[in-house]
Amino acid sequence: MFQMMPNILKNLFFPKATRRYPRVVRSPFESSRGALFNDIEKCTFCSVCELKCPSQCIRVDKKAATWTYDPFACVFCGICVDICPPNSLYQKSAYRLPVAGRELITLTGVPRPKLEKKT
Amino acid sequence: MLKTIIPFGPQHPVLPEPLHLKLTVEDEIITGVFPALGFVHRGLEQLVHIRDFQQMIQVVERVCGICSMIHATCYCQGIEALMEIDPPPRAKFLRTLWCEVHRIQSHLLWLGLFADCFGFESLFMQFWKIREKVLDINEATTGNRVIVSVNVIGGVRRDLSTEQMQWTCSELSWVQNEIACLKATLLSDYTVKKRTVGKGVLSKDKAFELGAVGPTARASGIAQDMRLLGYSALDQLDFEPVVETDGDCYARSKVRFQEVLQSIDLIRQAVSRMPAGEIRTKFKGRPAGEMFVRVEQPRGELFYYIKANGTKHLERLRIRTPTFANIPALLGMLPGMWLSDVPVVVLSIDPCISCTER
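Chains S and P, in that order, are what the protein sequence lines are.
Read left to right, the first sequence gives residues 1 to 119 (the working numbering).
Read left to right, the second sequence gives residues 1 to 358 (the working numbering).
Below, a sample of chain P positions facing chain S; criterion: calculated Cβ distance under 10 Å:
(1) Gln55
(2) Met56
(3) Leu123
(4) Glu139
(5) Ser188
(6) Asp189
(7) Tyr190
(8) Val192
These are calculated hints, taken from the structure and not from any lab test.
All of these numbers come straight from a predicted model, not from anything done at the bench.
Backbone N, C-alpha and C fix where the C-beta goes; we use that ideal spot for every residue, glycine too.
Please model the complete structure; the sequences and the hints are all you need to start from.
In structure tokens:
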């Protein structure tokens, strides 16, 4: 008990270790893997992110040109961002804000025309 | 004297995870213990038939919530050995660095939980305050706090700049100073020693006989540390395993406390000897054959058996975690103890039940 006294006195006179979240929010680290976004105009709907995602949180429909993402199933590993061929996926360093209900994020782009077969 | 059976767990204030022990007591003295496991079995080994061998890295990281980096390193080393891939030296050093950061945060977590199990709440909060700084190092360097996801077959996914490595070292200096302030409380305080000294004694011979691993074995005088095998970059760093001889709860907490300082030293060595160059080797093909790998987790020896047949799915993955090996040792420690000492003795092996049940 008495061995703890220096720590107790130090804690009394030094600033607090915690902050009053959500009133005081610390800025995220620059390279944190936060919320995932898709720049749908650059997306080619190639489905590589869907294939490589270890938690199967991405669904891509090439015909309808939709990209669907379940942020609650995502494990924030950043593999989709690393392998995205047109670099349309990116992660911000801040986390997604809390929401009241579970929801899917669906983005719709322009379907890419089919390449004509070379004869 | 009439024998009474008292259930300990699976829900108990001192246990972070569900472990059930049937304690046979005679007048509050334990005479027999029977364990029951299987409350958090998730069938992660079976996932090899669904996820391909590269996606399995993210699965094995989730075997243990605390030492994800070490599980992934072990798995990647196994696949690399099967496919004869040699990761670049810088990747090996970075793996070692992050593994040691994980060891520090796991030991700090345990030191806090151990203080909590004998009712020293303020010491628990002090240790977890320090641990938060270590998690900040993880987040700033890898992107995530605990499940860092930086390993990949053939190397690592992230590089560290010189500034980041200097910042890591300066943060670890703060951690070292803060821990030094708590050393007297954990290791010399009268009340703490009253609860830990002479409790759950495991002699050297018994530890060897029961197959104890990690800090539990080292506290009983067995100098067994898988890091001495020299995997990743550990063959290029200088260290000696921390060994104590008393084999009681006090010795186990002393070993883990000193291992935090040892890991800080290893990180400093890794930063000072960090070679330049690539961080990832590209590869082609699929693994085939059998392999077993051993690495040192914060709790002891981690064992992976991998069987691959040349397809994108592995045939079999078997994971033996250190807590699985330490449960017989725990059962050897408990007889003869007071019922009130059971939480301290159970916590002293640092049980990770999710790890054990996979």
